[in-house]
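Undergrad: Protein sequences, first through last, are from chains S, P and V.
Our numbering puts the first residue of the first sequence at 1, with every later residue one more than the last.
Our numbering puts the first residue of the second sequence at 1001, with every later residue one more than the last.
Our numbering puts the first residue of the third sequence at 2001, with every later residue one more than the last.
Don't read these hints as lab results, they were simulated from the structure.
Remember, predicted model here, so these are calculated numbers, not experimental data.
Nothing false has been slipped in among the hints.
Cross-link-like lysine to any residue pairs, in silico, SDA-like; alpha carbons within 25 Å at most:
no., chain 1, residue 1, chain 2, residue 2
1, P, 1110, P, 1128
2, V, 2010, P, 1102
3, V, 2195, S, 98
4, P, 1208, S, 134
5, S, 169, P, 1036
Residues per chain, in single letters:
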Amino acid sequence: MKPVEIQHISKSYSQLRALSDISLAIEPGELFGLIGPDGAGKTSLFRILTTLLIPDGGEAKVMGLDVVKDYKMIRRKIGYMPGRFSLYQDLTVEENLQFFATIFGTTVRENYDLIEGIYAQIEPFKKRRAGQLSGGMKQKLALSCALIHKPEVLFLDEPTTGVDAVSRKEFWEMLQRLKEKGISILVSTPYMDEASLCDRIALIQAGTILSVDSPNGIVEQFDKPLYAIRTTDTYQLILDLREWQLTHSIFPFGEYAHLITTHQVPVEEIKTYLIQKGHEQVVIRQQKASIEDCFMDLMPAVA
Amino acid sequence: MIQVEGLSKRFGDFTAVNAISFSVKKGEIFGFLGANGAGKTTAMRMLTGLSRPSDGNATVAGYDVYTQTEAIKRRIGYMSQKFSLYEDLTVRENIALFGGVYGMKRRRIKEKMDELLGQLQLMDKRNHLVGSLPLGWKQKLAFSVSLFHEPEIVFLDEPTGGVDPITRRQFWEMIYEAAHRGITVFVTTHYMDEAEYCDKVSIMVAGKIAAMDSPQQLKQQFEVDSMDDVFVNLARG
Amino acid sequence: MKVFWAFIKKEFFHILRDRRTLFILIGMPIVQILIFGYAVTNEFKGANIAVYDQAQDESSLDFIHQLQASGHFQLLQSPGEIEAAFQSAAIKMAVVIPANFGQHLYPGQSTQLQLLTDGTDPNTAVTLTQYAGLIIQQFQHQGRAERQAPPILVENKMVYNPALKSVYLFVPGVMALILMLVSAMMTSLTIAREKELGTMELLLVSPLPPFLIIAGKVIPYIILSLLNALLILGVGVYVFGVPLIGSFWLLIGVCMLFIVLALALGILISTKAETQQAAMLVSLMGLMMPTILLSGFLFPIESMPLLLQWISKIIPAKYFILLLKDIMLKGSGWYYIWTESLVLFGMAFFLLMASWKNFKIRLT
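Chain S with its partners taken away, still in its complex shape:
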């Protein structure tokens, strides 16, 4: 039985179409990433799956139970970490954990082994008010609270947003360890680089799914030639390549610019064009697309 099955789900809020015909399934024990920017529909989808919202159309099942009819049972089996780490700011770390354990009918001790690795890092601060914790610590506390009743499926809505890069890395390491304990995890994130840490991902933008596959699979599916180019003047580089007729798309990517051409072009040809335009120290290499490249290529046209 699949932990999560979504079929043709849609949801609108007055004028806004948040989700359009979403279908997806998660395998048992999988670490599944929902990747997309703000407004893509991630939170709406999560709320439907955690039985907090009723979809306008379609069906969804969690652990084989229907999200609309069997919500009571679902609520007992899932762990949820909503955006903004909803914690009680004026309760201490300890009190928060105890509270959530109690309302799920268990004690902190019962499932401590599950959260040990995570909680150990904030235990020295257990008497501190949750409102005074740093972003990384709030994250760990919220995760502990979501796990304390040993859920079968874990839903984490943007757990790494607004947290520093080091904590983000640590968090994903924790998720990997949880996966080994057999919990199925559905995570949403706007950070494309985190996509490669998942077993499978779904790219979502403006309420529709662009692609579903393993990170490698998505990259393999990318069939256009991609070149990373660097010169001394990135801005001019982009302007010049935008005018070129062989360019399909050109975007800055840090130091380099990523050029996608309409068909395979020898590197030398690109170099010649650029030198002609007056660029110096031209470095070009053809490379594999990253998840971000794929996402941008799959996105419908933006203004």
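Put chains P and V on the given structure of chain S with help from the hints.
TA: Using the frame of chain S, we list chains P and V on its own:
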């Protein structure tokens, strides 16, 4: 354009910014990085004349941050992720308002407004409420509005949070274009790859500047490939 | 200067486009003026009085006729028991005409009238006495013109609140107000706050039945409210000397009833409000104001226009204040207060059902 020497800010016992020093040249894109709580926002507030330093010296566009804050405010543009435009005013009203606030003449506002609307392809949405625009368009509009009165320096506080990857890059192209026109850009961000777009970058850790150089130099120094790794190395001490 | 205008213009845009603010800025003053204008009146119309006519002669009947004709009083067939009539609030004043009234209305004699007025509402009592006094004077005048009648000695007696202490009226009023504040407003705020902070999501997703979530939030406020009620009572009785004639436990029971009702109101408001601000606004405008203005706390209901009187019938505080006054000042027992209690009970039940139905187990 910006000269900072030993700038500090203390709140009671707590030192938010601890004697930082740096300088930014005209037309440079300066990236101000660091974790939340490292002191970035406090430092920016001091430079934009919103907060009085406890110690040290700084000048922005040649004006002193202690005594000439009004002059500074007139010459800078500002945009932050938390607030940029009034959601319940239309696109036109927002532009006119901010233009007026910076003392632009009516006619000039009108001229430039048509130009701006054309560039952003918002001409047919000019009477729509800003709140009804998608996030990416809002951000781009907010940036344009911050430049509307032709400031010499623009301060951007986490301007690209949450938008899709294409809009983010379009935004940075707008920043490049502004820098090319000679506008100095002071930007904070927590997207490490965006640090690469900057000419010079400083990383703040616990109120101090832990590293400052061009992205290329920093990567060489730490022998890593990406700014992300530079940051991780620094943070892990 | 231009910048200044730009800001003013912007602020107007904000105001005009926010319907809620608009309602408060324009709607509320209009409503308040109307209510104040109509509710605050020194005129007094249509109070119920009883007349115990021991004379039953031509003069007394003439006098009674004049009382009626003034338009200020309605007459009840004198129930034998004046005390009972006061207890059940059927009358606000009783006029006792002695047996020899008519006989003594001749020169050389003196005659008396006794006015018994319900002092639990000092403002009303004073006004009523004054009106009655006027009519008696008129009657006298007429009598003097006709047959040189002697002056009528009027004996005024305030029942239940001889010193006409207004604190007797204020204590029940303050009690109603404070309980409304703590129970209704605070409850609505705490639930709205969880929604605003996002922790409500987590509570909903847990196996906790919604009933327990509400109960858990509400019980501390019940305890707090009860303590408050006792505090106010204590101060009223021991510091201000408000009498507590009726049963203490009956009083507590009535307070509990009102507390539960206020709580149900608070929960109902919080099911609709998305933010703390909204909850606060609705509580203040929808609960506090009517409680102060239309419950009989400050202004007598009887002198309000019919529309407002009808509205005051659905204001729980009105019944609560009546009950408090009856029990504390008149010593009324169960027999007399059961109608008001029933009304409160019904309201509480209805509100509890409504908030139960409205409590959303989901987020939309």
